[in-house]
Amino acid sequence: MTEVALLTALAVLFVVVGPLLLIAKGVGLSLIPSLILAGLLVGQLGIIDGELMLELARLGIAFLVFTFSVQIHTERVRTVVSNTEVVAIVQALVLGALGIGFALLVGVVLELELLADAGLDAPLTLEQALFVGIAAALSSSIVGTALFTRPQSDIVHDYLSSDIDSFNDLLAVILLLVVSAGTFALDPVATQLGYGVILLVVAIVVNRYLFGIIERLAGGSDEAMLVSIVALLIGFLAAAEFLETSIVVGAFAAGIAVRDNPVEYSEVFNGLISIQEFFVAIFFATVGALVTLPSLTGLASDPSAALAPFVPVAMIALGLVILTVVVKPIVIGALLVYAGYDRRSATVTGLDLDHVGEFSVIVAIEALVLGLLIEPVFEAIILAAAVSMLLSNLTHTYDDEIYGFMVSRGWLGEPYHDVDDWNSVPEDISDHVVIAGYGRQGRRLVEFCEEIDQPYVVIENNPQSLPDLRAECDAYVFGDAIEPETTAVANLEAAKLVISTAETKPLTEYLLSFTDTVDVIVRTRELPMAAELLEQGATYVIVPDLLAADQIADSLGALLNGEFDSDELRTMSRRELDVERAPPRPSTATSNSSTGERDR
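Oh and the sequence shown: position 174 is 169 in this note's numbering, straight run, nothing missing.
A hint or two may mislead.
Computed Cβ-Cβ distance ranges for the label pairs, DEER-style [stated by the list, open to error]: (1) TYR204 with SER25: 28 to 34 Å; (2) LEU40 with SER508: 49 to 55 Å; (3) LEU541 with ALA226: 38 to 44 Å; (4) MET401 with TYR535: 42 to 48 Å; (5) GLN531 with ASP463: 28 to 34 Å; (6) LEU542 with LEU205: 34 to 40 Å; (7) ILE18 with ARG404: 35 to 41 Å; (8) SER25 with ASP116: 35 to 41 Å.
The hints are simulated quantities; they were obtained by calculation from the structure and are not laboratory data. Just so it is clear, CB atoms sit at the ideal spot from N, CA and C, and this is done for glycine as well.
Full structure from sequences and hints, please.
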């Protein structure tokens, strides 16, 4: 297989997909379904050889994994398992077991010939069922991020999804190493795991100790830095090939080795984002192209003969879709509620993870190439991946509506904890400020209220913030601000002012329903939406870009007036952009700059 053949296949793919995407855009279809359906058309036309498509998918996923793993900060990796990682482990075990059990059940049905004319050429063994379990268990950060039809914010369910996906990605890398052994024998598997550990250790060493040298040698040159990053990627891919392990593992390690520095080399890392978007398009298109359906000519000439080999594929795919789109959100939601998260965050997080991830696809491809996976099971996994991604696009678009429907039907039951037991609010509080969210902005607002002796109540729904609430806030309610019980305990209707620091549409709309009795400040990133919110009754709308412009004006004025010099302004900017790498600010500088924490 030559590089020319791969480039030709890629060119053909985009020649066909490009015009179809323009048509889809013209009629208002979403990007992800359009890419999958366009790829499906390419696959059904048979204009690209199957082996070429598999290789294109492997390379595309490898480069995609690299661009995402660049964003991982090794210094922030925890050695203690958090509650979200416990949720990730438990859901992987539960969904994996259900997937394996379902696949074995299908195998029994087929072996007993309970379905006329339907069967597999090879038995559906436990080894084959394992790959169905992997597909059911693993979502992914790449697919999850690409499927968001809105920009991700830092509200609770967004980073819950990110944490669970990241853990799934790490688990998937381990599974890839196991599959790369080409057998389930202990010695080859142990060898591959050892190779994987070596690659990751080398990547961390490069990130921590050698990448700084590369940055200094680059001397601020974007071109030199880009060449260095590409050289690192090629080196790790070559190492993976030499060790006879998956190139995706090598790409993952290469991304870990690169230290994300968007401040000094903004053009390079912005370019990586563009490359990421390119390979995202390739990934979704190749998923569609790998889908195998009965041919139209076969259906026309002999429907029963054409459908017979497809029935087992459809059965396994249907089970996988039900497990990922229906069962997985229920399991994740229940586990998160048990861990202390509110019903809405838990439900929406489950809906964010209701898909077959890209690592499941690459595990299936590697297993097929190495002869560990039979074609019907592979085809079922690919079909389930395509269908689940299409459905996930819908659930992500209408997640708030789905949550509201479930609550109205009483399907979610009552909140796991009683709000009255998780608050510290004086019974007679009034004329106070209600602050929704205890992120960076929330903390600043609390500090300001305490400075001027203004009574306040903080509403927060992140269990990880509960110790800080108890230690730092005079009055707080732990619960979902949209729940009537929460606003009742906060005595919101008797408040002087309500400030939402979270950019979320349901919360904004709910708080604006109180504008007849209380002033409400909300947040959005879009200027047209800000004007609309003011028309709906908001007293003030926080628009980060406008506030940033005001801050620039203040900083420029302070610089020109001699309040601080250029070095102090540079230190302040570094602190805002990358707090962990910024040197301490000189004591002579005076500024109201932020700390670089994620704002809520």
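Cβ distance range 28 to 34 Å for TYR204 and SER25, holds or violated
Violated, since TYR204 and SER25 (Cβ atoms, about 44 Å apart) do not stay within the stated range.
Range hint 38 to 44 Å: satisfied by the CB atoms of LEU541 and ALA226?
holds, 42 Å
Falls inside 42 to 48 Å, the C-beta gap from MET401 to TYR535?
At roughly 33 Å between Cβ atoms, TYR535 and MET401 fall outside 42 to 48 Å, so the hint is violated.
ARG404 and ILE18 - C-beta distance against the hinted 35 to 41 Å
For ARG404 against ILE18, whose Cβ atoms are near 38 Å apart, the range 35 to 41 Å holds.
For the pair LEU40 and SER508, does the Cβ-Cβ distance stay inside 49 to 55 Å?
holds, 52 Å
Is 34 to 40 Å a correct range for the gap between the Cβ atoms of LEU542 and LEU205?
With Cβ atoms ~39 Å apart, the hint holds.
That 35 to 41 Å hint for SER25 and ASP116 (C-beta), does it hold up?
holds, 38 Å
Between the beta carbons of GLN531 and ASP463, is the distance compatible with 28 to 34 Å?
The hinted range 28 to 34 Å holds for GLN531 and ASP463, with Cβ atoms some 32 Å apart.
Violated hints, in rising order: 1, 4; the structure is consistent with all others.
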